[in-house]
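Student: We have chain A already, so just place chains B and C on it with the hints.
Protein chains in written order, with our numbering: chain A, 1 to 231; chain B, 232 to 462; chain C, 463 to 712.
Hints are computed from structural coordinates only; laboratory data are not their basis. Everything numeric in this text was worked out from a predicted model, so none of it was measured. Be careful, since some hints might not be right.
If we take Cβ atoms under 8 Å as the criterion, some of the chain B residues that face chain A in the derived model are [stated by the list, open to error]:
(1) Pro297
(2) Val300
(3) Lys398
(4) Val419
The C-beta atom is built at its ideal place from N, Cα and C for all residues, glycine as well.
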Amino acid sequence: MSAVTGWWDDFFWGSVVVAEVFVVSLILMILFGLIGAAAKLSKNRAAQKIAGAYTIVFRGTPELLVLLLIYFGSAIFLTTVFQYFDPSVKFVDIPPFWAGSFGIALIVGSYATETFRGAFLGVDPGQIEAARALGISNLKTFIYVRIPAMWRLALPPFGNHMLSLIKDTALISIIGLNETLFAAEQATATTGKPFTMFIVVGGIYLAFSTVITLTVMVLEKYANRHLQVAR
Amino acid sequence: MSFDLLLIVDSIPKMLVGIGLTFELLVISMVLGTALAITLLLMRISGRWYLVAPSVVYIYIFRGTPILVQIFIIYHGLPQFEFIRESIFWPILSEPYGCAIVALTLNNGAYVSEILRGGVLGVDRGLLEAGSALGLSVRQRFIHITTPIAVRLAIPAYSNDVVSLMKSTALASTITLLDMMGIARTIVAETYAPYEIFISLAVIYLVITWFIQKGFGLFEQRMSRYVRKEA
Amino acid sequence: MSENGTQPIIILENVDKFFGDFQALSNVSLTVDKGERVVVCGPSGSGKSTMIRCINRLEEHSSGKIIVDGNELTGNVKDIDAVRREVGMVFQSFNLFPHMSVVENLMLAPKLVRKTSKAEAREKAMRLLERVRIPEQADKYPSQISGGQQQRVAIARALCMNPEIMLFDEPTSALDPEMISEVLDVMVDLANEGMTMICVTHEMGFARSVANKVVFMDEGEIVEMNTPAEFFDHPKSNRTKEFLDQIIQH
Numbered sequence: 001m002s003a004v005t006g007w008w009d010d011f012f013w014g015s016v017v018v019a020e021v022f023v024v025s026l027i028l029m030i031l032f033g034l035i036g037a038a039a040k041l042s043k044n045r046a047a048q049k050i051a052g053a054y055t056i057v058f059r060g061t062p063e064l065l066v067l068l069l070i071y072f073g074s075a076i077f078l079t080t081v082f083q084y085f086d087p088s089v090k091f092v093d094i095p096p097f098w099a100g101s102f103g104i105a106l107i108v109g110s111y112a113t114e115t116f117r118g119a120f121l122g123v124d125p126g127q128i129e130a131a132r133a134l135g136i137s138n139l140k141t142f143i144y145v146r147i148p149a150m151w152r153l154a155l156p157p158f159g160n161h162m163l164s165l166i167k168d169t170a171l172i173s174i175i176g177l178n179e180t181l182f183a184a185e186q187a188t189a190t191t192g193k194p195f196t197m198f199i200v201v202g203g204i205y206l207a208f209s210t211v212i213t214l215t216v217m218v219l220e221k222y223a224n225r226h227l228q229v230a231r
Numbered sequence: 232m233s234f235d236l237l238l239i240v241d242s243i244p245k246m247l248v249g250i251g252l253t254f255e256l257l258v259i260s261m262v263l264g265t266a267l268a269i270t271l272l273l274m275r276i277s278g279r280w281y282l283v284a285p286s287v288v289y290i291y292i293f294r295g296t297p298i299l300v301q302i303f304i305i306y307h308g309l310p311q312f313e314f315i316r317e318s319i320f321w322p323i324l325s326e327p328y329g330c331a332i333v334a335l336t337l338n339n340g341a342y343v344s345e346i347l348r349g350g351v352l353g354v355d356r357g358l359l360e361a362g363s364a365l366g367l368s369v370r371q372r373f374i375h376i377t378t379p380i381a382v383r384l385a386i387p388a389y390s391n392d393v394v395s396l397m398k399s400t401a402l403a404s405t406i407t408l409l410d411m412m413g414i415a416r417t418i419v420a421e422t423y424a425p426y427e428i429f430i431s432l433a434v435i436y437l438v439i440t441w442f443i444q445k446g447f448g449l450f451e452q453r454m455s456r457y458v459r460k461e462a
Numbered sequence: 463m464s465e466n467g468t469q470p471i472i473i474l475e476n477v478d479k480f481f482g483d484f485q486a487l488s489n490v491s492l493t494v495d496k497g498e499r500v501v502v503c504g505p506s507g508s509g510k511s512t513m514i515r516c517i518n519r520l521e522e523h524s525s526g527k528i529i530v531d532g533n534e535l536t537g538n539v540k541d542i543d544a545v546r547r548e549v550g551m552v553f554q555s556f557n558l559f560p561h562m563s564v565v566e567n568l569m570l571a572p573k574l575v576r577k578t579s580k581a582e583a584r585e586k587a588m589r590l591l592e593r594v595r596i597p598e599q600a601d602k603y604p605s606q607i608s609g610g611q612q613q614r615v616a617i618a619r620a621l622c623m624n625p626e627i628m629l630f631d632e633p634t635s636a637l638d639p640e641m642i643s644e645v646l647d648v649m650v651d652l653a654n655e656g657m658t659m660i661c662v663t664h665e666m667g668f669a670r671s672v673a674n675k676v677v678f679m680d681e682g683e684i685v686e687m688n689t690p691a692e693f694f695d696h697p698k699s700n701r702t703k704e705f706l707d708q709i710i711q712h
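Chain A with its partners taken away, still in its complex shape (with noise of 0.2 Å):
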C-alpha cells in the first residue's frame, strides 16, 4: 500500500472530477429524459419517430463507440473549420470533460426516456379522473397527482441510471478526462504496481455507487412512506 502515498493527492483530485462529471451528466440526463418521454408521448408523429430512433441508437450502441464519436468526431469537424480560418492551428477539441458529460448523458438519457414514460404510463388513471372530477386543474393535478406518483415508479430504476452515470465516468479516461482511472494509469507507469493503483479505483468508485445506493434507499423510504401496511 505504500507504493499509494505520493498518488492520494491524484486520487483525490481524480475523484473530485468524477463528482463533477456526475453532477453534469445527471442534470443533462434528466433533461434528455423528460424530452424524450415528452416526444414518445406526444401525439406528433415526427416527435415520436425521432425519439424512438434515439432510444434505439443510444441503447444498442457501445457506450466507448459514442464517446469516441462524440469527441474525435467534433474534433475533426472543429479543427476543420479552425484551420479554415488559421491554418496554423494542429487540434481543436471540445474537452473530454464536456463531450464526455454529454455523451454519457445521451447514452444513460435513452434508457431514461424509457423509464420516465413508464412510469408517467404507469400512474393511475383513476386517481387523475378523480382529481379531474374534482374541479382541480390540468396543471395542479400535474404537479400534485401526477407527479408525486410518477415519482414513485421511477425511483429504482432512475437509481440504476444515476449508478450508470458513475460507472460510464470511467470510460471516459480513455478520451483522456483526467479522473480516477487515468491517475492510476500514470501511477503505474512510475510504480509498477497497477494492481494496487487500479483497487484503489475501484474501491473509489464502489464508494460513490455505495452513497448513491444508499441515497436511493432512503428516497425510496420516503416516497413510500403513505403505504407502510398496518399489521
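Tutor: Chains B and C only, in chain A's frame:
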C-alpha cells in the same frame, strides 16, 4: 469535409472480420456468466449465512464498480503478483483474450444473478403454498414450480443484459483485442475518419442488437403462450 | 373423544399465533372427528384462515398443540410431511400452476411425492376430473378455463393425493356468483362421501345444509361453536348475533 463512402465500403468488411471475436466474447461470457449466476443465486437464496454473505458481497462489488476497471485489474493488475504468474491459470490470464473473457464472465455473472433473483421473487407465493400443501419438498418446489416461472419472468431483463454484454465486448479493444471495435479504432487512427467508421460500426452493432431482441422476443412469446395477459 | 370413542382426527389445544406483536390466534381449542364437516365463519381478520393454515403448517403456531391423525405438528420435517400427505388444501385464489396443463397439475404431486408412475397418475387424474365433472378440460391450461372450472381442478388436484382431510380456505370468495354453485356442488358430493372437511366460508346456505358443526371466530378467538340449527336460530353471544345480522341481510 466529405463523407467518404468508398472508405465505408472498404472498411465494413475489415470490421466484420472482428465479428467472430465479438461473438466469441459474447457467447462464452454469457454461458459461463449464466452458470456463475445460477451458482450465486442458489447461494443467495440458500438461507445459510456463510453462503449468502459471500454471494451478496461479490454481487455488490461487481455491480458497483465500472467494468473497465475490472478488465484493467485482471489484465494489467494481476501480473503484478508472482503467484499468479506461476499458477496454472497463467496461460489464460497472460493473454488479453483470456482476461477479457474472465472479466466479462465475472461481471456478467453478478448482473444475471440479480436478474434471475428478480424472476424468483416474482413467482406468486400462493403457487409455492399450493406446492407445500401437496407435500412437495423445498427442492421439488424450486425445480418444478419456481424455476419454469422465474425463467419466463426473467426473459425481458435477461435479453437486455445480453445486449449490454455485447456492448461491453467493445471494451476488449482497450486491452489490444481486435474485435470489431478494436479494428475500427485502428482504421480511424490511420484515416482520421471517425464519422464514417464509427457510424458504420454503430450500424453493425444495432443490427446485432436487433437480432438479439427479436430472438428473445420470440422465445418469450413461446414461453408465455398459455399465460393469460393481465388486462 | 368422539361419540363412538375414537380419537378425533384433528386436535387443536390452546393454540396461540403471533405475527410479531399482533395476536392472530388466541387460545384456540377445537377437535374434529373423522367424517365431520366443520364450517368456520367470522369477520375479516378473525383468524379463521390462520387457524386452518396452521393445521397443514403453512403457518407455524406460536404455542399450544396441534395433532393431526396422531401426528403432532412440531418443527420436525418428517411430522410436517406426514401431515401434508393426509391433508389437502383448496385456496381462495386456486393457485393452479400456470405453466402446466390441467392434468399435469393433478399428476405432479403423486409422481413426485408418492412416486406414482406416470400412467397410474394420469389414470387417477382423469378419474378425478370426471368426479369434478370436467374431464374434457384435461389438456387445457389454467388460463384457458373459467374460475369455477379452475377451482374444481384445484379440488381434484388436492384429492389426487388421497387425503384424509380437506381444508377449504374461502373456496368461492374469488368466484363470479354464477360459478359458485358448481364448486359447492362438488364440495357437497365430497361431504356425502364421508370426507372430513374444515371449510372457511361465507356461504351460509352450504353451512346449514352440509355442516355438522359451525364455528364462529372473532379477533383470534373461537366465540361460539354449535350445530348449524342451533347456531343460526339461537346464537348465544352478542358478537355472533351482530355478525349474523350483517351477513344475512342480503
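Student: Taking the hints in turn, state whether each one holds.
Tutor: To see whether the hints hold, each was checked on the structure:
no. : hint   : verdict
1   : Pro297 : holds (4 Å)
2   : Val300 : holds (5 Å)
3   : Lys398 : holds (4 Å)
4   : Val419 : holds (7 Å)
Hint compliance for this structure: no hint is broken.
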